[in-house]
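Heads up: the protein sequence lines correspond to chains A and B, in order.
Under the numbering used here, the residues of the first sequence are numbered 4 to 153, in order.
Under the numbering used here, the residues of the second sequence are numbered 8 to 622, in order.
Source of the hints: derived by calculation from the structure; they are not laboratory data.
Note that beta-carbon positions come from the ideal geometry of N, C-alpha and C, so glycine has one too.
Warning: the hint list may mix true and false statements.
Simulated crosslink set (PhoX-like; lysine-lysine; CA at most 20 Å straight-line) [to be verified]: (1) A:127 <-> A:24; (2) A:40 <-> B:281; (3) B:567 <-> B:528; (4) A:24 <-> B:437.
Output of the computed footprint for chain A on chain B, the stretches with three or more beta carbons under 8 Å from beta carbons of chain A [unchecked claim]: (5) 138-149; (6) 396-403; (7) 438-449; (8) 566-576.
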Amino acid sequence: MHKDVVILVAEDDEGHAGLIKRNLSRAGVVNELLDFKNGQEILDFLFRRGDGPVRQSGKAYILLLDIRMPKVDGIQVLEQVKADPELRKMPVVMITTTDDPREVQHCHALGCSNYIAKPIDYEKFVNAIRQLGLFLAVVQVPTINGDRNP
Amino acid sequence: MHDNSHHPKKMEDLLKTRTEELAAANLRLQQEIERRKEAESRVFQLTTESKRGKQALRESEKKYQKLFENVVVGIVIATSAGNVLAMNRAFEEITGYSFEAFSSVNLTHIYVNPEDRNRFLQTVQRLGRVENFEVHLLHRSGRPYWASFSSRPVRYDNQDGLLTTVLDITKRRRAEERIEGLSRLKEELLGSESLEKRMKRITDGVVEILGADFARIWLTQQGDRCDTGCLHAEVFEGPHVCRFRDRCLHLISSSGRYTHTDGAHQRVPFGCYKIGRVAAAEERGFLTNDVTRDPRVHNHAWARQLGLKSFAGYRLISHEGTPIGVLALFSQQALSQNEESLLQAIANTAAEVIQGSRIMEEMARLNKALEAKNTELEQVVYVASHDLRSPLVNIDGYSRELAYDLEDLRRTLAEPEGKALPAVASLLEKDIPESLRFIRGSASKMDTLLSGLLRLSRSGRAVLTMKSLDMNDLMANVVDSFEYQIREAHVQMEVAKLPPCRGDGVQLNQVFSNLLSNALKYLDPGRPGVIQISGRTEGKHSVYCMADNGIGISENYLEKIFEIFHRLDPDRCEGDGLGLTIVKRIIGRLDGSIRVESEEGYGTRFYVALPTVPA
Chain A
4 MHKDVVILVA EDDEGHAGLI KRNLSRAGVV NELLDFKNGQ EILDFLFRRG DGPVRQSGKA
64 YILLLDIRMP KVDGIQVLEQ VKADPELRKM PVVMITTTDD PREVQHCHAL GCSNYIAKPI
124 DYEKFVNAIR QLGLFLAVVQ VPTINGDRNP
Chain B
8 MHDNSHHPKK MEDLLKTRTE ELAAANLRLQ QEIERRKEAE SRVFQLTTES KRGKQALRES
68 EKKYQKLFEN VVVGIVIATS AGNVLAMNRA FEEITGYSFE AFSSVNLTHI YVNPEDRNRF
128 LQTVQRLGRV ENFEVHLLHR SGRPYWASFS SRPVRYDNQD GLLTTVLDIT KRRRAEERIE
188 GLSRLKEELL GSESLEKRMK RITDGVVEIL GADFARIWLT QQGDRCDTGC LHAEVFEGPH
248 VCRFRDRCLH LISSSGRYTH TDGAHQRVPF GCYKIGRVAA AEERGFLTND VTRDPRVHNH
308 AWARQLGLKS FAGYRLISHE GTPIGVLALF SQQALSQNEE SLLQAIANTA AEVIQGSRIM
368 EEMARLNKAL EAKNTELEQV VYVASHDLRS PLVNIDGYSR ELAYDLEDLR RTLAEPEGKA
428 LPAVASLLEK DIPESLRFIR GSASKMDTLL SGLLRLSRSG RAVLTMKSLD MNDLMANVVD
488 SFEYQIREAH VQMEVAKLPP CRGDGVQLNQ VFSNLLSNAL KYLDPGRPGV IQISGRTEGK
548 HSVYCMADNG IGISENYLEK IFEIFHRLDP DRCEGDGLGL TIVKRIIGRL DGSIRVESEE
608 GYGTRFYVAL PTVPA
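Construct all of the structure, not just a fragment, from the sequences and the given hints.
So this is what it looks like as structure tokens:
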């Protein structure tokens, strides 16, 4: 993966976010990484609303998305991203403690690129993130323009 | 356990007695036939005797005439061409035709179905005689009736004729038809149709099987138009003042002359007018065969105009003896005792059907409640398993991280001192404390979640003491317990006069404490806080409103606020994400409901609806 790609992590559990970061770095992923604590924050970033940091045009992003978050949940974020003609090209990886097959299927139906269940067993967790690192290494991440509102 | 197979029991009994009655009627008929045969044989004997000579004939003629004329069986002797040779008085009475009239009538006209005449003649031709040929005939007046023919060839006045005896079997046929009709009705009532449809079948049956002019059924239910639209609401004194607002008679079915279920009689107050008095058992087995004069009947002119003769009203009562409705009918014929007992049995059947249907309704309601509970439980388990898993991921993850850190530490310490120190410092001051912080934080998070689940489970198990509550007192207690916070935050607290409701005082105290605590917690620091509590009665519910001018909730999150462990803003305030879940749960257990309206930046209004206190 090109090192200019920015990894967005939408995860309400600070601990989980920390573990993801530590393991991505161990897997050799050195890209810039931005944290979001709930669904609303990541939507504000992606759709350029609110006072916080916003998405820049011409940059490539990949989104790691938890499902159960306060305010707007991951499913709603995924829906909105996939409904936007520009943002829909962005790879979205669901990373969640939920392994309910219906939920997994739902996310795939909505168009997520990958789905990783956070296992309690850390060996598996590390492995999952390593897989993610591999996934990130091969995935083609398009730059997003979508400058309809410059 | 009740089910629908119970209610036809009464009908079954009825059918049994009716069958016995029919057997008795048949026996009587048999005897009648025996008598008739005897009479016939005498007639034959006499006709044979007539051959012996005019002298003998003359002697027996008087005897013969007397017998022929006085036998109660109709007798006619006619040629195959249809020339009437003789007939007796009973025949004239049964058919309505005199000798002259019968001689000149086109015989197909005496049959309701003209082809029956051919059927009769063909049988005579084929067998030479006919026994008990049952046929639907037309009286000369045009009234249809049922008759039974028995015919055999005879020589009369030197001509070949056919002697036919005729019995009027209309009554027997009607009894049979009634039994058939009632059996059919019984079958129909076993179906799974709606209560309205089954009540309609009953009133239809009363009209079709018993020949009522019109029949209606009212059900006892809570008054629904007492204040608006009930025609009796205008009556303030006298015998027609509505006394029981929770017991009003609702017209559910109407058959015969009137088939509408709206209009003046769609609601009858319990205890008023003849229907209400029947329901209240102030009129026991109210039956009159004199509706145009009976003082208990309201409108004599109307009854006269429609040619009504009788009225009967039956109280429908439950197994426990409570009145559940009324079956009533008007008829143009007088009602016999027999018909009255038949109607009573139908009324009993109607009561069984209503009770069966109410039990089914109650079961459906319970099923739905159970389904809702299941969904809620499923959600709780789903969310709880997810939320409990999150801290576990951290505990396992960061303890493994600690292991990595120890590994690093060991490796670093093996290196020369100068090189090792900064790395050791970073591990000791950053990585290891961070891991420990997450492990301990997650353990305490799990503890909070588990206590929350226990609290939720306890809230669903608390024994409820339902009674009528003075909500002014209850709300004053709630507000008092927050006095300190209200004063500290300089909140303007306004509590209006509140209607009472039915509920559990302890549980409702918790509900409103929780709502008030939320209202205080989410006030906007940028403006003086105002919290208003008000209430009003809406139909069967007292609705209480807690309104604040706080930060409000975005429309997108409104449906989530009652979700278990859901916290909109975990950083802003303390809380276990259970408050509103428990509030909703308590209100659900008290047969109430809660809803929320909010506008982000302006404030939030919670509406709690609880059952009113029955008047």
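request  = Run the structure past the numbered hints and jot down the numbers of the failing ones, going up.
outcome  = Hints 2, 5 not satisfied by this model.
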